[in-house]
Amino acid sequence: MSELVSFDGDEMRLPEDKFDLDAVAQLAAAGFPAIAPVLDDLVVWVADGNWPVATPVADLLVSTGTGAIPALRQVLQGSDAIHQYFMLLLVANRLPPDTAAALRGDLERLATKPTTDQIREGVSELAENILQKRGN
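Start counting the sequence shown at 6; every next residue gets the next number (the working numbering).
I should point out that these hints are in silico values taken from the structure, not numbers from a laboratory.
Mixed in with the good hints, there may be bad ones.
[Claimed, not checked] Cut-off 25 Å, straight-line C-alpha distance, at most; resulting in silico cross-link-like pairs (SDA-like, lysine to any residue):
| hint | residue 1 | residue 2 |
| --- | --- | --- |
| 1 | K138 | V43 |
| 2 | K138 | P101 |
| 3 | K118 | H88 |
| 4 | K118 | S68 |
| 5 | K118 | Q137 |
| 6 | K23 | D53 |
| 7 | K23 | A106 |
| 8 | K138 | G36 |
| 9 | K23 | G36 |
| 10 | K23 | G72 |
| 11 | K23 | V49 |
| 12 | K23 | A34 |
| 13 | K118 | A41 |
| 14 | K23 | N98 |
[Unchecked claim] With beta-carbon atoms standing in for the labels, derived distance ranges:
| hint | residue 1 | residue 2 | range |
| --- | --- | --- | --- |
| 15 | D103 | Q79 | 15 to 25 Å |
| 16 | E21 | E113 | 31 to 41 Å |
| 17 | A41 | E21 | 13 to 23 Å |
| 18 | A34 | I124 | 35 to 45 Å |
| 19 | T60 | P102 | 29 to 39 Å |
| 20 | G36 | Q137 | 30 to 40 Å |
| 21 | D103 | D22 | 19 to 29 Å |
| 22 | L26 | T117 | 36 to 46 Å |
| 23 | T121 | A41 | 15 to 25 Å |
As the structure is a prediction and not an experimental result, all values here were calculated from the model.
We put the beta carbon where it would ideally sit given N, CA and C, even for glycine.
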């Protein structure tokens, strides 16, 4: 288990399973930049939007602003279409326009050059919708 210490000295931890809402609440209370070292680990918990931790982790990622962009891009540039779908739906779709602009290249690629899996899982359609919503 990965332990972090926040600025006020409280210990934090990553979720241990998909039901570990207490860990997510601790991380949310610590906020950004205290959670910066574990953002790459947190995006894993948005892999399935049906998991209880998925939405609160997505909320946390959105709240970091541009801090989460490198971790989000790792998912969007990866090969797991289901994870990409939920990352777009729960996180990228809710980012402020100035923050979302950092993902524009990834969104354009997903919308215009999707893999078969990305088409089947609705990733390309969702990426296109996000681009249209943003006026791109």
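Is the hinted range of 36 to 46 Å satisfied by the C-beta distance from L26 to T117? 37 Å, holds
Is K23 close enough to A34, meaning Cα to Cα at most 25 Å? 19 Å, holds
Given the hint that K118 pairs with Q137, test it: the Cα-Cα distance must not exceed 25 Å. 16 Å, holds
Verify the proposed pairing of K23 with A106, using a straight-line Cα cut of 25 Å. 30 Å, violated
Is 30 to 40 Å respected by the C-beta to C-beta distance linking G36 and Q137? 32 Å, holds
Hint says 15 to 25 Å; check whether the CB-CB distance for D103 and Q79 agrees. Since D103 and Q79 have Cβ atoms about 21 Å apart, the given range 15 to 25 Å holds.
Would you check the hint for K23 and N98, treating anything up to 25 Å between C-alpha atoms as holding? OK: K23 and N98 at ~22 Å, within 25 Å.
Given the hint that K118 pairs with A41, does the C-alpha gap stay at or below 25 Å? Between K118 and A41 the Cα gap is close to 31 Å, so the pair fails against 25 Å, i.e. violated.
Is the gap between the beta carbons of E21 and E113 within 31 to 41 Å? Hint holds: Cβ distance 37 Å, inside 31 to 41 Å.
K138 and G36 were given as a pair; does the straight-line alpha-carbon distance stay at or below 25 Å? 28 Å, violated
For a C-alpha distance cap of 25 Å, please report whether K118 and S68 respect it. 29 Å, violated
Given pair status - G36, K23, alpha carbons within 25 Å: Holds, because 20 Å separates the two Cα atoms, which is no more than 25 Å.
When the structure is compared with the earlier hints, violations turn up for hints 1, 4, 7, 8, 13, 19, 21, 23 and for no others.
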